[in-house]
Amino acid sequence: MIRVLLFGVLATKTGTKEMSLEIETPVTIEGLIEELRKRLPSLPEGEFLFAINEEQASKESIVHDGDTVAVMPPFSGG
Amino acid sequence: MDFTEEQIERYSRHIILPEVGGRGQRKLLDARVLVVGAGGLGSPALMYLAAAGVGTVGIADGDRVDLSNLQRQIIHSTPRVGTPKALSAKKTIEELNPDVEVITYNERLTRENIREVIRGFHIVLDGSDNFPTRFLVNDAAFFEHRPLVSGSMFRFEGQLSVFKPHEGSPCYRCLYPEPPPPGLVPSCQEAGVLGALAGVIGVLQAVETIKEILRIGEGLSGRLLIFDALRMDFRKVRVRKDPGCRLCGKEPSIKELVTYEESCELQRSSCET
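Chains E and B, in that order, are what the protein sequence lines are. Oh and the first sequence: position 48 is 57 in the numbering used here, straight run, nothing missing. Oh and the second sequence: position 209 is 205 in the numbering used here, straight run, nothing missing.
For the record, the hints were derived by calculation from the structure and aren't laboratory data. Since this is a predicted model, take the numbers as computed values, not measurements. Be aware that one or more of the hints could be misleading.
[Said to hold, decoys possible] Which stretches of chain E does chain B cover? Using the computed rule of at least three CB atoms under 8 angstroms from a CB of chain B, they are:
| id | stretch |
| --- | --- |
| 1 | 10 to 22 |
| 2 | 54 to 61 |
[To be verified] Just a few of them, taken from the derived set where beta-carbon distance is under 7 angstroms, the chain B residues facing chain E:
| id | residue |
| --- | --- |
| 3 | Leu63 |
| 4 | Leu66 |
| 5 | Asp125 |
| 6 | Asn126 |
| 7 | Phe127 |
| 8 | Phe150 |
| 9 | Leu180 |
| 10 | Gln185 |
| 11 | Glu186 |
| 12 | Gly188 |
| 13 | Leu190 |
| 14 | Val199 |
| 15 | Met228 |
| 16 | Arg234 |
| 17 | Arg236 |
[Stated by the list, open to error] Simulated crosslink set (EDC-like; lysine to aspartate or glutamate; CA at most 20 angstroms straight-line):
| id | chain 1 | residue 1 | chain 2 | residue 2 |
| --- | --- | --- | --- | --- |
| 18 | B | Lys237 | E | Glu27 |
| 19 | B | Lys237 | E | Glu64 |
| 20 | E | Lys22 | B | Glu1 |
| 21 | E | Lys26 | E | Glu54 |
| 22 | B | Lys232 | E | Glu27 |
| 23 | E | Lys68 | B | Glu174 |
| 24 | B | Lys23 | B | Asp59 |
| 25 | B | Lys246 | E | Glu31 |
| 26 | B | Lys232 | E | Glu54 |
| 27 | B | Lys237 | B | Glu174 |
| 28 | B | Lys237 | E | Glu54 |
| 29 | E | Lys26 | E | Glu69 |
| 30 | E | Lys26 | B | Asp224 |
Every residue gets a Cβ at the ideal spot worked out from N, C-alpha and C, and that includes glycine.
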């Protein structure tokens, strides 16, 4: 199981801040986002910052069972 | 250290701290900080920097105080509606602490003027309200080798980090290489923002700036702080320099300042920095 955390506009557009994903692991971040989009079709497209267990990750990074993945868009407000 | 008696009294609660002391207070009085945007984040940041006795503060903001700003932009006040924000902020600071010299830039920072402005300061604090300015400030701070204390917000959430790519830590582009496509990330006007959230993030920016001046503690460089006010949840994500970063990476393709278009005009007048 992978715990996914969504921030900012990703959370508001999908109505989801946090979800558990039961998918086959290991999986890349890119693969995980594809799976996530199947469950949350309103997930916006774009370039986001990813973190696995609070460490910055790239689209190619590998996610393992039990990991927490955060997906963060930039904010512009000041 | 050459303090007046009034200064010794005014800064006594700082001077008594071993981590600050007379020497640290002197560093604060000698410091020059540029605050980009006298809005939600800039307001509380400026007030604490001024109260701390940061000797020279630059305020860059080309907007005027609007009634809708006052829900969070606490450096301004009702009688100041319609006056330029940089001047309104200057007035508040002068009343708070006459030790502080305030330099106002009552204009929008551009590719043409920003590097020269930044060069006159030691540290840059970004509280701007739009992506073109955020990228411009990041790039200019990188080219001028100035630490950038960056804060931003959306509804009930905030992000905060310190970028020092010239010292080996990431820059803003290592996290977010390019501005998002127009319309993806709504502005404060479009999405709303909790007023007090601006206080949380703006004050944390002041804290990081003061630590940077004093060189104490562990700064947020290399870490991104994410705050969710609804959950009262602070998270820190370790972020790293991207060797492929177009600005600060090994083979940079950005060698001079670039201008991004405002994604929509609404956004500009929105959160009003």
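We went through each hint and held it up to the structure:
1. Counting residues of the stretch 10 to 22 of chain E whose beta carbon lies closer than 8 angstroms to any beta carbon of chain B gives 4, which meets the minimum of three for the stated coverage.
2. With 4 residues carrying a beta carbon less than 8 angstroms from a beta carbon of chain B, the stretch 54 to 61 of chain E meets the three-residue requirement, and the given coverage holds.
3. The beta carbon of Leu63(B) is not positioned within 7 angstroms of any beta carbon in chain E (closest approach about 18 angstroms), and the interface hint is therefore violated.
4. With a least beta-carbon distance of about 16 angstroms to chain E, the hint placing Leu66(B) at the interface is violated under the 7 angstroms criterion.
5. Restraint check, Asp125(B) versus chain E: the minimum CB separation of about 4 angstroms is within 7 angstroms; hint holds.
6. About 6 angstroms separates the beta-carbon of Asn126(B) from the nearest beta-carbon of chain E, less than 7 angstroms, and the hint is met.
7. Given the 7 angstroms rule on beta carbons, the hint for Phe127(B) holds: about 5 angstroms separates it from the nearest Cβ of chain E.
8. For the restraint placing Phe150(B) at the interface with chain E, the shortest Cβ-Cβ distance is roughly 4 angstroms, inside the 7 angstroms limit, so the hint holds.
9. Proximity of Leu180(B) to chain E holds as hinted, the smallest CB-CB distance being about 5 angstroms (cut-off 7 angstroms).
10. Restraint check, Gln185(B) versus chain E: the minimum CB separation of about 9 angstroms is more than 7 angstroms; hint violated.
11. Hint status for Glu186(B) relative to chain E: violated, with the closest Cβ pair at about 10 angstroms, above 7 angstroms.
12. Because the smallest distance between the Cβ of Gly188(B) and any Cβ of chain E comes to about 10 angstroms, over 7 angstroms, the interface hint for this residue is violated.
13. Because the beta carbon of Leu190(B) sits about 11 angstroms from the nearest beta carbon in chain E, more than 7 angstroms, this interface hint is broken.
14. Of the supplied interface hints, the one on Val199(B) is violated, with its beta-carbon coming no nearer than about 14 angstroms to a beta-carbon of chain E, more than 7 angstroms.
15. At about 13 angstroms, the closest approach between the beta carbon of Met228(B) and any beta carbon in chain E exceeds 7 angstroms, and the interface hint on this residue is violated.
16. With a least beta-carbon distance of about 5 angstroms to chain E, the hint placing Arg234(B) at the interface is held under the 7 angstroms criterion.
17. Interface hint status for Arg236(B): upheld, as the beta-carbon distance to the closest one in chain E is roughly 6 angstroms, under 7 angstroms.
18. With a C-alpha separation of about 27 angstroms, the suggested pair Lys237(B) and Glu27(E) falls outside the 20 angstroms cut-off, and the hint is violated.
19. Taking the CA atoms of Lys237(B) and Glu64(E), the gap is near 12 angstroms; set against the 20 angstroms cutoff, the hint holds.
20. For the proposed pair Lys22(E) and Glu1(B), the alpha carbon gap of about 56 angstroms is over 20 angstroms, so the pair is violated.
21. A hinted pair counts as satisfied when its Cα atoms are at most 20 angstroms apart, and Lys26(E) with Glu54(E) qualifies at roughly 17 angstroms.
22. This hinted pair checks out: Lys232(B) and Glu27(E) have alpha carbons roughly 17 angstroms apart, not beyond 20 angstroms.
23. A distance of roughly 16 angstroms separates the Cα atoms of Lys68(E) and Glu174(B); the hinted pair therefore holds under the 20 angstroms criterion.
24. With a CA separation close to 31 angstroms, the supplied pair Lys23(B) and Asp59(B) exceeds the 20 angstroms bound.
25. Between the alpha carbons of Lys246(B) and Glu31(E) the distance comes to roughly 38 angstroms, so the proposed pair goes past 20 angstroms and is violated.
26. Of the supplied pair hints, the one linking Lys232(B) and Glu54(E) is violated, its CA atoms being roughly 24 angstroms apart against a limit of 20 angstroms.
27. A hinted pair counts as satisfied when its Cα atoms are at most 20 angstroms apart, and Lys237(B) with Glu174(B) qualifies at roughly 15 angstroms.
28. In summary, the hint linking Lys237(B) to Glu54(E) is not supported, as the alpha carbons are separated by about 24 angstroms, beyond the 20 angstroms threshold.
29. About 23 angstroms separates the Cα atoms of Lys26(E) and Glu69(E), which puts this hinted pair outside 20 angstroms; it is violated.
30. The straight-line distance between the Cα atoms of Lys26(E) and Asp224(B) is roughly 11 angstroms, inside the 20 angstroms bound, and the hint therefore holds.
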